[in-house]
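Please build the complete structure, drawing on both the sequences and the hints.
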Amino acid sequence: MADMGEGGGGHEKGGKKRAKKGSTRVDMTPLVDLAFLLLTFFVMTSTFSKPKVMSLVYPAKPKPDQVVEEGPKINNAITFLLSENRIFYYQGQYYPKGDPKATVLSETNFGSTGLRKLLSDLNNYVLINVKKYDAQFAKGIINEQERSDLIKKAKENTKALKVLIKTDDKAICKNFIDVIDELRIAQVGMMAPVDLMASEYELIKAKTK
Amino acid sequence: MAQIKGPKGSPTIDMTPMVDLAFLLVTFFMLTANFRSEEPVVIDTPSSIADLETPKNVVLITIDKGGRVFYGFTAGEDARIRVLKSMSAKYKVAFSPEQYKKFSTLSSFGCSVQQLPAYLDLDVEERKKTTFSVPNDSTNNQLRDWVNYGNIEGTSAGAIKYEEAAADNPDVEMNEFKPKFILKADGKALYTHVKNVIETFRDLDLNNLNFVTSLEAGKEK
Numbered sequence: 001m002a003d004m005g006e007g008g009g010g011h012e013k014g015g016k017k018r019a020k021k022g023s024t025r026v027d028m029t030p031l032v033d034l035a036f037l038l039l040t041f042f043v044m045t046s047t048f049s050k051p052k053v054m055s056l057v058y059p060a061k062p063k064p065d066q067v068v069e070e071g072p073k074i075n076n077a078i079t080f081l082l083s084e085n086r087i088f089y090y091q092g093q094y095y096p097k098g099d100p101k102a103t104v105l106s107e108t109n110f111g112s113t114g115l116r117k118l119l120s121d122l123n124n125y126v127l128i129n130v131k132k133y134d135a136q137f138a139k140g141i142i143n144e145q146e147r148s149d150l151i152k153k154a155k156e157n158t159k160a161l162k163v164l165i166k167t168d169d170k171a172i173c174k175n176f177i178d179v180i181d182e183l184r185i186a187q188v189g190m191m192a193p194v195d196l197m198a199s200e201y202e203l204i205k206a207k208t209k
Numbered sequence: 001m002a003q004i005k006g007p008k009g010s011p012t013i014d015m016t017p018m019v020d021l022a023f024l025l026v027t028f029f030m031l032t033a034n035f036r037s038e039e040p041v042v043i044d045t046p047s048s049i050a051d052l053e054t055p056k057n058v059v060l061i062t063i064d065k066g067g068r069v070f071y072g073f074t075a076g077e078d079a080r081i082r083v084l085k086s087m088s089a090k091y092k093v094a095f096s097p098e099q100y101k102k103f104s105t106l107s108s109f110g111c112s113v114q115q116l117p118a119y120l121d122l123d124v125e126e127r128k129k130t131t132f133s134v135p136n137d138s139t140n141n142q143l144r145d146w147v148n149y150g151n152i153e154g155t156s157a158g159a160i161k162y163e164e165a166a167a168d169n170p171d172v173e174m175n176e177f178k179p180k181f182i183l184k185a186d187g188k189a190l191y192t193h194v195k196n197v198i199e200t201f202r203d204l205d206l207n208n209l210n211f212v213t214s215l216e217a218g219k220e221k
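Top line first, the protein sequences correspond to chains A and B.
One point on numbering: in the working numbering, the residue at position 41 of the first sequence is 41, and numbering is uninterrupted.
One point on numbering: in the working numbering, the residue at position 124 of the second sequence is 124, and numbering is uninterrupted.
Since the hints were derived computationally from the structure, they do not count as laboratory data.
Where hints are given, some of them may not hold.
Within a straight-line C-alpha distance of at most 27 Å, the following computed DSSO-like cross-link-like pairs (lysine-lysine) qualify [as the list claims (entries may be wrong)]:
id, chain 1, residue 1, chain 2, residue 2
1, B, LYS101, B, LYS85
2, A, LYS61, A, LYS152
3, A, LYS61, B, LYS90
4, A, LYS153, A, LYS139
5, A, LYS207, A, LYS166
6, A, LYS166, B, LYS65
7, B, LYS188, A, LYS166
8, A, LYS61, B, LYS178
9, A, LYS209, B, LYS188
10, A, LYS170, B, LYS65
11, B, LYS65, A, LYS207
12, B, LYS178, A, LYS152
13, A, LYS117, A, LYS159
14, B, LYS195, A, LYS207
15, A, LYS205, B, LYS65
In structure tokens form, the structure reads like this:
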């Protein structure tokens with residue numbers, strides 16, 4: 001296109017009078033400049049990856065007139081207590097100060113050596129089962145639906161880990177999300193964010209001093 | 001010595017293919033680009049391995065670093081006007097037709113109903129400088145009403161979409177079209193602020209919440 005009419009107005013036979021033909025070659029440099037400018041603009045402004053969401057189902061609030069049912073006795077539970085970028089935990093039930101089995105907080109970290117290892121050890125039962133079902137699924141012994149049902153069942157088993165998350169007034173949102181994320185990785189099916197008790201707050205305070 | 005000269009080519013390069021390519025790419029990016037919607041604050045979301053797509057029909061609560069709360073929903077412009085009318089009736093705050101119009105295009109806002117008329121009169125840049133927040137404490141929980149009305153409108157908008165989709169494909173599930181509740185909290189926001197918002201949702205018996213997270217690279221499942 002740009003090279004049309006090269007050497008405009010060469011041979012002129014006959015007596016026809018023509019206006020002098022100028023070169024029709026168009027300088028495309030500005031056009032290219034503009035095109036690439038626009039290109040750069042759109043590349044920069046477009047957001048490719050849509051933000052992802054993490055779905056969380058909270059336990060329903062009990063109605064005022066509803067009798068709170070005592071759940072089955074917790075035998076494999078862990079409670080995480082979050083403070084600003086620090087994470088403490090204790091296993092099993094809470095025993096107040098003075099009790100022979102008084103609860104002592106342990107500290108861990110949010111990294112793969114701390115929280116992830118802890119959770120994968122404690123939730124071994126579910127992880128092993130999930131692996132087993134995945135292998136069966138890969139071999140075609142069970143189908144997709146059966147697999148997800150079996151995994152769900154394993155997560156609800158009494159041997160599966162149950163997690164309570166409590167946060168103090170200094171904990172930040174990132175800490176909470178990090179814990180939830182690790183729970184996902186460790187295939188923990190049962191978790192609930194719970195309010196911090198005053199006595200637990202005292203324990204955290206003593207630790208973070 | 002006679003030097004052999006190659007035929008001298010024209011020094012001008014034919015740029016046509018380059019221009020073609022450039023415009024092709026421009027067109028591609030123009031059509032695929034989804035621009036970041038105008039947000040009242042910059043939120044640095046925490047990362048996670050979650051890989052669910054952001055749903056279409058949402059009630060979005062944004063919580064910034066300082067704990068300010070913003071409210072937005074995507075049920076459509078008419079729905080926005082209806083929600084604002086409900087709020088205006090409930091809190092006895094009058095809005096002018098222009099303010100209704102402005103509100104219908106506002107993606108997200110952070111102020112109380114009483115501040116809203118003045119807030120709507122500001123332009124986009126001035127709005128960013130405000131330090132208001134949607135009140136959600138126990139004495140004055142406006143967020144609860146916003147969420148409630150937003151949920152009602154979102155549900156009816158979703159029901160219409162569902163019927164349309166069901167006409168083409170009977171397999172679609174109603175659940176996909178119901179409004180989803182999304183919390184977009186800054187990673188550095190105090191969790192107590194987030195918790196207040198979560199409690200507001202739980203008071204309304206809306207227990208399934210979604211946290212916006214950025215995809216974490218290098219953290220395998």
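We went through each hint and held it up to the structure:
1. B/LYS101 - B/LYS85: It holds: about 12 Å lies between the C-alpha atoms, which stays within 27 Å.
2. A/LYS61 - A/LYS152: Holds, because 23 Å separates the two Cα atoms, which is no more than 27 Å.
3. A/LYS61 - B/LYS90: holds (26 Å)
4. A/LYS153 - A/LYS139: holds (21 Å)
5. A/LYS207 - A/LYS166: With a Cα-Cα distance of about 15 Å, the restraint between A/LYS207 and A/LYS166 holds, given a limit of 27 Å.
6. A/LYS166 - B/LYS65: holds (21 Å)
7. B/LYS188 - A/LYS166: Between B/LYS188 and A/LYS166 the Cα gap is close to 17 Å, so the pair holds against 27 Å.
8. A/LYS61 - B/LYS178: holds (21 Å)
9. A/LYS209 - B/LYS188: holds (21 Å)
10. A/LYS170 - B/LYS65: holds (13 Å)
11. B/LYS65 - A/LYS207: Roughly 26 Å separates the two Cα atoms, so the pair holds.
12. B/LYS178 - A/LYS152: holds (24 Å)
13. A/LYS117 - A/LYS159: holds (18 Å)
14. B/LYS195 - A/LYS207: holds (23 Å)
15. A/LYS205 - B/LYS65: Given that 27 Å is the threshold and the Cα spacing comes to 24 Å, the pair holds.
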